[in-house]
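Peer 1: Full structure from sequences and hints, please.
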Amino acid sequence: MTTPAIQRALLPVLLIEDEPSIMALVSATLERNGYEVVCIESGAEALRLLERGQFLGVVSDMRTPGGVDGAQVHSWISANRPDLVHKVVIITGDYANEETVTTLRKIGALYLEKPFRVQDLISAVEKTMGKAR
Amino acid sequence: MAGGNMTPPPAGRALPNSDEAFQKLLLRIAAKAAERADAAALIQLFCHDSREFFQVSGVYFWRRHAGDELVGEQAEGKLAERFIGLRLLPQNSAVTAEAVRVRRAIFANGVHSKTFSAAREFEARSLMAVPLVVFDEVIGAATFLHDSDEGFFNEDLAAKATILAGQLGSLLEATRLGEASREEHRRAEILAEVAHALHGTPDVAAVIEALADRLRLLLRTRLVSVLLRREGPFELRAVSAETPQLANSFRAGHDRQTIRFAADLAQRAVSAGEAITISISSELHSLGTLVSPGLLIAAPFRTSRTQGAILVYPRHDGVFTAEEKSLVSAIASFGAVAVAHAELCATAQGQAHELHQLLEISSELSSSGDLEHFLQAFVLRAADFLGYGRCFIALLEDTQFRVRYAVDRGQSRRADTLFPEGIATRALRAKEVFWSDDVRQLAGANLEILAQYQARQLLSVPLLGSDGRVIGMFGVLDRLDNTGISQQDIRRARALAAQVSVVLEVAHNLHQSEQHRRRAEALTQLAREIDGLLRLPDFARRFVERAIQLAGASAGAVALFQDGKFQTVALHPLPAATGLTPASSEPRALPDQQNQDRPNQDRPNQDHSIQDYSRAERAASIPARTKLEPHEDHALHQKFAHALSEFVAKQTDAIVSGSAAELLGSDLASSLGWDDCVVARLPGSNGELAGLLCLAGRSRPLAAEDRDLLEAIAGHAAMALENARLFTRIEQANRHWLEIFDAITDFIVVHDETDKVLRVNRSLANMIGVAPSELIGVNMRALLALTSESALYSCPFCRSMGEDSDEFVHPALDRTYLVSTSRVHGASGENLQTIHVLKDITDRREAERRYRELFDNIQEGLFFSTPEGRFIEVNDALVAMLGYSSREELLQVDIATQVYFSPEERQRHAEAMEKDGHMRNYEATLRRKNGSAIYVLINAFGMYDNLGRLLQIRGLMLDVTGLHTYQSELHRERDFSGKILSNTQSLILVADTAGLVSYANRRWYEAGFEQRELLGRPLLELAAPGYVRPLADALQTILRGGQVDNLELQIMRGNGHLGQFSVNLSPMRDEQGNINSIVVVMTDITDSAELRGKLVHAEKMAAVGQLVSGVAHEVNNPLTAILGFADLLLENPEVPESARKDLRVILQEAQRTKQIVQNLLSFARQMPPQRNSVQLNVILRRTIQLRSYDFNSHGVDIVEHLDEGLPEVIGDAHQLQQVFLNILNNAYDAVHEVGRPARIEIMTTKAGDSVEVSFCDNGYGISHPDLIFDPFFTTKEVGKGTGLGLSICYGIVKEHGGEILCHNNVDGEGATFIVRFPAASHTASLSVAAGVIQK
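Those protein sequence lines, which keep their order, are chains W and F. If you want the working numbering, it's the position in the first sequence, counting the first as 1, plus 11. If you want the working numbering, it's the position in the second sequence, counting the first as 1, plus 16.
Each hint should be verified, as a subset may be incorrect.
For lysine-lysine, the following BS3-like pairs were computed, each having C-alpha atoms within a straight-line distance of at most 30 Å [as the list claims (entries may be wrong)]:
| id | chain 1 | residue 1 | chain 2 | residue 2 |
| --- | --- | --- | --- | --- |
| 1 | F | 1116 | F | 855 |
| 2 | W | 117 | W | 142 |
| 3 | W | 138 | F | 1170 |
| 4 | W | 142 | F | 1170 |
| 5 | F | 1170 | F | 1157 |
| 6 | F | 855 | W | 117 |
| 7 | F | 772 | F | 855 |
| 8 | W | 117 | F | 1157 |
| 9 | F | 1262 | F | 1310 |
Covered stretches of chain W (chain F as the covering partner; in silico rule of three or more C-beta atoms under 8 Å from a C-beta of chain F) [claimed, not checked]:
| id | segment |
| --- | --- |
| 10 | 39-47 |
| 11 | 52-61 |
| 12 | 127-136 |
Here are some chain F residues pointing at chain W (derived, C-beta under 10 Å) [to be verified]:
| id | residue |
| --- | --- |
| 13 | 416 |
| 14 | 419 |
| 15 | 957 |
| 16 | 1134 |
| 17 | 1143 |
No lab work stands behind these hints: they were computed from the structure. Every residue gets a Cβ at the ideal spot worked out from N, C-alpha and C, and that includes glycine.
Peer 2: So this is what it looks like as structure tokens:
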């Protein structure tokens, strides 16, 4: 159990979030809980990172700029990074939108509705990516 | 065998002249046979000579017996005596046996005695054997033996032996055949002799003796016996024995065992039905040594009255062959024939003698023509003939034997005594002969009577009629010679009885046929007499007279039944007022007289019945002779008719006999002086009662013949009566016809072939002015006062016969007659009568002319048509009306298709005709020839035949096309406006110029007004307060000729509620252009105003939703950050407590903001809710449960009235819970703040197709029920409510297809929220659920 924890500690969590306050909050929360976080605003950028780098998991906003939204990130991971497919947490503030809700349910990723509490975020990340320490 | 008698065998084999010697041997044997030597002699010669010839030690002859056994019969030479009787079986090992088997000669030299035992016994050294074959059958064999030379025999010897044996066999056979034929011949001779001996022997005993003798000789036996039996046991009838001693011994065995044994054998043979063979021994037949033991033949035979058997006792020298047995049978049959013949001869002789005597008796008696006399003489002769002291004939009268004719010791006397009933009468009734040698000894004998008659012996024979019925008895008493009654007596008595029977039968038949003949004659006479009487009273009188005569009565009556009662009554003789008339006194004296000398009517006695008849005739003829005037006694007749009516009611039999008092009543019976009475029904032609015939004074019981007679009389009477009635009817009809003839107003004239008037009716005579009788014989032309112009027909009416016209116009009178003529044959049959009936049709012709004029000239269309749819007659007006060119053309058309436009219309008319028989002012659209329509008014009526069938329709048509067009337009217009008025959504009024309502359309009444409260009411009263003035102004405008449009008014509805209306007013003018009324058209716009408001509200809500959704999103991001960082800060231990306190406020407020945003989003989100079948009661309970803590802790009383049968609804359980929670929260807030004990009642009910949930609180109520569902509307103090809760509820409920309402409670305390959802029907819920799953 210790070895994976060490290994995992080396890998950062990729955070895709265009809203600066949310990005600050999520990265602060994760870092304080021992995760390393790589932040990126655009979904398209994130896919490029995911092509090259290793990540512990992905936390992504549903609505992200750059033409690639959270759902597309998730489907790209499903296709190209199957090791990460269960390590995705989606954040959404759009749950009133029927289309969004349907999509989320379809892809089956864990998601958090804004406004979420810190504890909710930690629980979700720990559940998908394991505890940091 | 080495004895001295040993014959040395001839030495040497080669015999000198052996062939010659052999030929000599053959010749010797043949010569012996030719001397008719018997077989034994031949064999002996053969043995002897062949031994010599062959020079052998011995020659042995075997005879072949049954079973191929050879028996030694003859031998010569060595041990010859031992050979006789020796037996050799085929299976024995022997040379001879072998020779027989192979059927040729064989020899055995050097015989080994071990092999052949017989050979050893006879010490043979060499053996030769040869069989005797005849007709391919071995009959014997010869054996040759040599006792010293072991090789003596050779082929040559064997060949010679074969030839010898062949010759011997042939000779033996010839000898046997010769003997057999001699035997046959002898038998045939015996049979012929037997037949000859038996033939012509008339005596049975002699026949049998001869039979026995012949048979014994034939069969060469010692004893033959014949036993016969008639009715008793077998008796020995003949014995033929070899010796007289044997015969005597056999006869002496009478009653002893011999005979019993013989009888037993005879019985067995008879039972077997054929000859039987019995083995007997001396113990059995008890004849000791006289008869040999052995087989006995017993052959049965029988004749018509005799059974017999011939016993042929065993022969001493052998058994009987089968042939002999059948010979015995044949002779037995001979015997039977001969015995039968002899018996017949004996019987015939005996009977011939009797016959002679009987013939003598009958010839003597036949000279007496009188039956009485005959019978009297008969008993005398019979007693004499039979040799009895007394003789009598008794007749069976009324089931008793009555002795009628008797003779006692030669003295004939007339007797009349009852023969006592007893064993004898019983036997006689059973048609059996009864006899007894001493009647006194019989069980149950009436000794008293027997003593009286001193009777001892009685022989009585029944007298039988031709039909087998016992009619009497013939008897004799006491034989004069005091011997017993013999069978002969019985036979003779029977013969005599048969004679008497025949005589009695003949006499009876004669009597009967005579009686019948007389009756038939009488009936014929009756028929002749009464047939001529066609008047009923005459008939009745004559009939009763004759009936009395015929039936042998003294008085009688006939009553005829007419019209349900007895009307004509004829009594004969008429009862005299005083004393006895000869007619009534004499018949009444009759019965006594008759009883004395002839108590029985059925007894054959012609004389009596003749007397009877003549007496009745005499009695009946007296009144006629004395010419008594029949004085009608009406009272008596009526009484009689009455009695008969009662009788008929009670009795249905054709003929009833009894006492007059019984049948007619004692009163009437005594009035008539009748004792007895017979009533016979007279049947009518169709079986009903035609009348009754009563007869009295008949003086004897009604016998079957009497009934027949009465029925015959009644039948005649009925026929005659019917004739009389028919005649009466014809007479009446004739009279009636004459009356009619005269009553007819048409002229009727009958003339003959010469035109002479035979008869005219009164009308014609009156016209001419003379009496009808004066015209008879007048010539027809003269009758009509015509001048002759044509010679062809002298009768002017006859002229018209056969021509088209049957009308005759009288030139002088200027009248037109319709003549109908018929021809009949007159009563005499030859001459033809012509009948003319002339009907004056002058007036009718005139009427027709006028009618035609009218028909042709009238301007209305007239028609006669058939029910099938053809015009029969039309006038020109109709032709023109329908546009045809001629009547003929119109008559061709088919009304149904060419005149009517629609079949329905024609059908309607036809139904009207059928129902009412006429049509009154029926409008119809008809088709003219050119196809255009013509409107007509039809009036028509039906013409019917006497069966009520419609023959013609006659009527008249009026062209109403112009009128119709105008009317139809008017009608259409009225219909059009009426429909508009009725169907428009507008409320329309018409008011007069004074403003009073004179018309209101249907909508008004639907809107709640009643006609009576609306009509006549001022228009202004309808307007709501505040709107009266504008309406009044508008009315003024109208009255000035203006028009008012779209005036919006509030009008008071019928139910008192106000409604918003848009009103148009127009003036209406009369022909002169003056305004005479006002038309008011009102459109209810209340609903559309409301609808408009609601639409606005919905649009507002939608807009708010979209707005909120956008805002919420924007708020969410900062809110997340605020909440998140506040959380992070609070987690940071370095943050001081004072800051933490502030942070918590931030957190709390941020959370409240989050809630608000979430509510906003909930309200606004467009996602359709889940759709499942849900039970609202369950959701309600769960919701209440959520808040139960708060309710309990704050003392809020929740009262549930949940309908357990509540249907489910389709919906989202979560959203519905949200709705209920919101309402509950709202209610909680409302009740929480009032001072009184808080209470919330929750109730669920099913309301039609909806499910309703109501929340009733006792809080402070709702200040603005109309605003409460708007978003952001809240009455709560600032900070307490978001103002979104109830608006969210509104949205959810609407999405569920339901509605949410609220109102303040009527009593002023609190408010009630009501939520309604459509109930899910079972099937609907299923389909909706399925839809959800598919999504």
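Peer 1: Could you work out which earlier hints the structure fails to respect and list their numbers in ascending sequence?
Peer 2: The structure breaks hints 1, 6, 8, 11, 13, 14, 15; every other hint is satisfied.
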